[in-house]
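A.B. asks: Here the protein sequences line up with chains U and G, keeping their order.
Position 77 (the first sequence) corresponds to 77 in this note's numbering; numbering is contiguous.
If you want this note's numbering, it's the 1-based position in the second sequence plus 179.
It should be emphasised that the hints constitute simulated quantities derived from the structure, not laboratory data.
These figures come from a predicted structure and were not determined experimentally.
Accuracy of the hints is not assured; some may be wrong.
As the list claims (entries may be wrong) - In silico DSS-like pairs for lysine-lysine, Cα to Cα no more than 25 Å straight-line: (1) G:K420 / G:K396; (2) G:K187 / U:K55; (3) U:K95 / U:K168; (4) G:K396 / G:K438; (5) G:K187 / U:K95; (6) G:K438 / U:K134; (7) U:K92 / G:K187; (8) G:K383 / U:K134; (9) U:K54 / G:K187.
Take a look at the letters that make up each chain.
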Amino acid sequence: MRKQWWIPVLVIIFFCVESQFVNFIPTRLFSQYWIVVPRFLFLLLIFITIYYDKKLGLIYALITGLVMDIVFIDILGIYLFWYPVTIYLVSKLMKNWHANLFIVAFVSLLAITLVEFGIYGVFSILQIANMPLKFFVFHRLFPTLGANLAFYILFSYSLKKYFTRLRKIRSEEEGMFQS
Amino acid sequence: MPQFFKNKRLIILLSGIIILVALIGFSLRERDQLSWPEQFVKDTAGFAQMVFAKPAHLVSNLVENMRDLLQTYEENKILKERLDEYAQIKVKADRLEKENAELKALIDKEKDLASFTIHHASVIARDQDRWQETLTIDKGEVQGIKKNMAVITANGMIGKIKSVGKITSTVQLLSTVDRTNRTHVAIQGEHDIYGLIEGFDVEKQQLIIKQIPAEEKVEKGMDVITSGLANVFPKGLYIGKIEKVEPDQYGLTQTAYVKPAANFYNLENVIVVEREMTASEESGE
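In isolation and in its complexed conformation, chain G is listed as follows (with noise of 0.2 Å):
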């Protein structure tokens, strides 16, 4: 036994693993906010890393204005096409947006799921290990930013706030694989069928959304946004379309492959989404 004790690298090995079990332990627990030693860190490093995001965010502006200059003829033509339509509509959508104001007015609703405000934020790194595909952008809980916010960019939707730091954040990409990763979507048919992404599929990269009831008819290219029921994103931000569709092994449900609409690379200036009321508010009322 003294022999053992003796042995100061293997009490030093020993130790070091319980040390790195508990750690594991205390950091997977369900954890509302950052200790404060964690937030500290992060804020510093992300202090460091905005100093070097300035000028790669330059470069990859550069970069994409020459890209943009090339394509310029190309782009011309199509968005010619477009402009005709473009003003029908305009005039459409006005008409449209006129008359929902005017038929809340009647029932005295002035939110609802689907109204939110933002905040823009630009993004400062990336998790360099890739488990987890994470953002950390430059705003905070001082500017606003809590837990749970939708993240999206133009094209829509891509991810989450993880955690919040003073000055930075943490954005969860929607394709991160983790049990905690969960969206409730509606899928653009008919009628508004509801789902639950439920995972990434790195081979494909595209989203899975799984238990879809066996009797409604999910096609290919149907748009995917989110529902808003589940008190945490707001209504109606776009994800993606629909790629694939196939039975689950028992044929009682569906899985729907879906095909993200925002690229989560290149990713420079993002909005975070808070929305302005909850789905227990709305049923409250």
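Okay, chain U solo, but in the shape it has when bound (with noise of 0.2 Å):
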């Protein structure tokens, strides 16, 4: 029981190790050319949907894209918007598929591109942000997912081992409250 209390620390260390990260090492590691985005919490909000809860996922992503609107970008409503959107989209397309890693890295690198591509266009609406797509594409998109797949090749396996063992807990407690 004692072990899901983890879940909620996690992703406020994801929270500010994204904050850090973007001060820190990008120029270098990388060009200054590129654009690097760290989208560690939301990796962690698919693994959470993945492989141990789809509603606590969604919760999840409703409060995280919340506060990151807040604390970032003073627009309400563009996480908050997208991250619960593809959140749900991400849990719907794994009803079907096998949860294996790759699927899963798979599946997550879509669902960056669906959220960056989503704010993108969201900031292109409201003429916030400039940026031509080409630009966009090479210079933001490209070097944001090798960084996130990086970041998923080192931690995907001790993640999906932690959320399969809390699952199990789980069942386990919910079978002995039925039998």
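Take the two lone chains, each set in its own frame, and fit them into one complex as the hints suggest.
C.D. replies: If you want it as structure tokens, here you go:
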């Protein structure tokens, strides 16, 4: 029972790590013309959704979306919309597919692409960002996918193990109540 | 019609989109102050980020120190050359400062557009989504930070305060692509040439100054500083050097590209600048 209290702690840690990552890593590791966006927290949400609990994933997506809107972009409603919607689509998609790490990697990259394009679309419509599409794809989308894939390769195994264990513990407990 | 209302998911999606549009409309208004729930969330998140910023700064300092050690010999050589010049410039600056103070005393004027007070702050987070380049710093309303104050580093100006919470505030960097991100600047030629920074070229990583009159001679390498005329920033904050000048499409005005002097990455400590006097006050005297 105690084990699942680590989920909010993990969410907070990932949230803070993202904002430090952007300030300190980029120019040294990558070209300064690349824009690398860490979506580690979003990857964590995908793992929660696929390996642990769909509803919980959606709730966390709503909360983190709202917090990110308030803290980072001062415009409410953008992450608040795209995070839950994408998480919902991911959960729908994974219903029919077997959740092994390769497929989840593919789905995660697809989800990140959708979020990036969604936010790019909203900002373009609101005329806040005037980045050409080609520049967006080559200097923002591809480096972002690359960095997040690297993160995925490093941490996916342990995250999967953690969440499948949580689910097992939970189903055992439920089994106990039923019997 | 009843068929339509039975579809719960569709209803949720539609009402979601309506709420989204309403929220965007609400937050895109020109707002002087954040609403208190926003301030609360910002400050709470800022507190959590502070905990993580400390070790990150430590590690970054360590790396920086290592690099400094490796470059010491080269740097020392350059510094020795500069040292002689420095003494001369120091004497000259002292003399000019004294003269300036005396002249100001003559005309009974204590403050001018260039005088300011400073607040030190450290960076606790950066906007990870990178559409609007913003930083979060660990000083807020309680410490006397107000909206629209200029933010500088040792190298030059980096941006302005966008919104203020109780103990944290958000800095909008000069590199943000945004309609409201305008800075009135002076290009230092033979006389000051005024212009407006109207955006940031993401592909070249340079600031764009538009609407410079065609007859003004702007050349590569000229320094760009804040003009102090726009009631927002004090005069004389260094921004960068002109990199390229080109005529606009009708040939009536020129567009200049400015390479910012400050590095917008690896920011740890920044200085928030509060001007002591506004341009309208001065003209009122």
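A.B. asks: Hint by hint, say whether it matches the structure.
C.D. replies: Here is what the structure says about each hint:
{"no.": "1", "hint": "G:K420 / G:K396", "result": "holds (15 Å)"}
{"no.": "2", "hint": "G:K187 / U:K55", "result": "holds (17 Å)"}
{"no.": "3", "hint": "U:K95 / U:K168", "result": "holds (18 Å)"}
{"no.": "4", "hint": "G:K396 / G:K438", "result": "holds (18 Å)"}
{"no.": "5", "hint": "G:K187 / U:K95", "result": "holds (20 Å)"}
{"no.": "6", "hint": "G:K438 / U:K134", "result": "holds (24 Å)"}
{"no.": "7", "hint": "U:K92 / G:K187", "result": "holds (16 Å)"}
{"no.": "8", "hint": "G:K383 / U:K134", "result": "holds (15 Å)"}
{"no.": "9", "hint": "U:K54 / G:K187", "result": "holds (18 Å)"}
Of the numbered hints listed earlier, not one is contradicted by the structure.
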